[in-house]
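Start from the sequences and build out the full structure, keeping to the hints where you can.
Same order as they appear, the protein sequences are chains A and B.
Going by the working numbering, the letters in the first sequence line up with residues 13 to 127, in that order.
Going by the working numbering, the letters in the second sequence line up with residues 55 to 167, in that order.
Don't take each hint at face value.
To be verified - Only pairs whose alpha carbons sit at most 30 Å apart, straight line, appear in this in silico DSBU-like list of lysine-lysine:
1. A/K85 - A/K67
2. B/K111 - A/K119
3. B/K67 - A/K67
4. A/K67 - A/K82
5. B/K67 - A/K119
6. A/K82 - B/K111
7. A/K85 - B/K67
Unchecked claim - So the derived label-pair ranges between C-beta atoms look like this:
8. B/T134 - A/R75: 43 to 53 Å
9. A/A13 - B/S76: 22 to 32 Å
10. A/E73 - B/G57: 11 to 21 Å
11. B/F123 - A/R62: 27 to 37 Å
To be verified - Derived list of chain A stretches under chain B, where covered just means 3 residues or more per stretch with a C-beta under 8 Å from a C-beta of chain B:
12. 47-58
13. 117-127
If you're looking for bench data, these hints aren't it; they were derived computationally from the structure.
Computed from a predicted model, the values in this text were never measured in an experiment.
Think of the CB as a built atom: it goes at the ideal place given N, C-alpha and C, for glycine as much as any other residue.
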Amino acid sequence: AQTVTQSQPEMSVQEAETVTLSCTYDTSENNYYLFWYKQPPSRQMILVIRQEAYKQQNATENRFSVNFQKAAKSFSLKISDSQLGDTAMYFCAFMVAIRDDKIIFGKGTRLHILP
Amino acid sequence: KAGVTQTPRYLIKTRGQQVTLSCSPISGHRSVSWYQQTPGQGLQFLFEYFSETQRNKGNFPGRFSGRQFSNSRSEMNVSTLELGDSALYLCASSWTGSTQTQYFGPGTRLLVL
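Set out below in C-alpha cells:
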C-alpha cells in the first residue's frame with residue numbers, strides 16, 4: 013500500500029523568505045505521479061505543481077519548485093519569495109500512473125506567511 | 055471555462071437521515087472522484103467514476119454510494135448518517151482520470167447532528 017508522510021504539521025515564515033515543505037512516500041510502484049496541492053482558508057483545493065516519476069528533472073512553476081529524490085522517495089516543495097497569499101494548507105499527494113485514479117494524500121502542512 | 059461546482063455548499067442533517075451531494079465537472083472532463091476530508095483522517099478517497107461506471111473505490115462502508123450521469127455530472131449518497139460522517143466532501147474532475155491532473159471543487163460541508 014502506498015503512503016504519504018508530511019512530517020511538518022505547521023510552519024511559519026516571514027514574507028519574502030524561502031520555505032521548504034517536506035514529503036516522503038512509500039511505494040513499490042515505478043511509474044507514478046506526485047503532486048503538491050494548496051488549500052487556502054477558503055477551502056478550494058488548487059494544484060501547485062506536478063511531477064512525473066519517470067522525469068529526472070525537477071518540476072518548477074514560477075516561485076514553486078520541487079526537489080524530487082526518487083531513490084530516497086522524497087518530494088519536497090520549495091516556495092521562494094513567499095507571499096501572504098501563500099498562507100494555506102499544503103498537501104503532498106501520490107497517484108499510481110495508468111492503473112489508478114485514486115490520489116493518496118499526506119496529512120498536510122499548515123503554512124503561515126507572516127507580514 | 056467554469057470550474058468544478060458542488061451543491062449544496064453547506065448541509066445540516068441528523069443521525070439516521072440520508073443525504074445526496076452533487077458535483078458538476080469541468081466541461082469535457084469525464085472522470086469524477088470524490089474525497090472525504092476530516093481533521094482526524096485528512097483526505098480520503100471515496101470513489102471514482104468514468105463514463106457512468108465506478109472504476110475505483112476506497113475503504114468506506116456501503117452506506118456511501120455514488121453514480122454518474124451521461125453528462126458526467128456525479129452524485130454521492132450517504133445513507134443512515136452517523137456523527138462521524140461530518141466532513142468536507144470534495145469532488146474532483148479530470149479529462150480521463152489516470153494520468154490526468156484532478157481539479158477540485160469547493161466542497162460540500164456536511165454537519166451531522
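How the hints compare with the structure:
The straight-line distance between the Cα atoms of A/K85 and A/K67 is roughly 14 Å, inside the 30 Å bound, and the hint therefore holds. A hinted pair counts as satisfied when its Cα atoms are at most 30 Å apart, and B/K111 with A/K119 qualifies at roughly 20 Å. Distance hint between B/K67 and A/K67 is unfulfilled; the C-alpha atoms sit about 47 Å from each other, more than 30 Å. Taking the CA atoms of A/K67 and A/K82, the gap is near 10 Å; set against the 30 Å cutoff, the hint holds.
With a C-alpha separation of about 27 Å, the suggested pairing of B/K67 with A/K119 holds against the 30 Å cut-off. Between A/K82 and B/K111 the CA atoms are separated by roughly 28 Å; this keeps the pair inside 30 Å, and the hint holds. Taken as a hint, the A/K85 and B/K67 pair is broken in the structure, with Cα atoms around 42 Å apart against an allowance of 30 Å. Restraint check, B/T134 to A/R75: a C-beta distance of roughly 47 Å satisfies the suggested window 43 to 53 Å.
One distance hint, 22 to 32 Å for the beta-carbon pair A/A13 and B/S76, holds here, with the actual separation near 31 Å. Checked against the hint of 11 to 21 Å, the C-beta distance between A/E73 and B/G57 comes to roughly 19 Å, which is consistent with it. Taken as a hint, the range 27 to 37 Å holds for the pair B/F123 and A/R62, whose Cβ atoms sit roughly 29 Å apart. Figure legend: the region 47-58 of chain A, annotated as covered by chain B; annotation consistent (7 residues with Cβ-Cβ distances under 8 Å, at least 3 required).
Counting residues of the region 117-127 of chain A whose CB lies closer than 8 Å to any CB of chain B gives 4, which reaches the minimum of 3, so the coverage claim holds.
Comparing the model with each earlier hint shows violations of hints 3 and 7; every other hint is respected.
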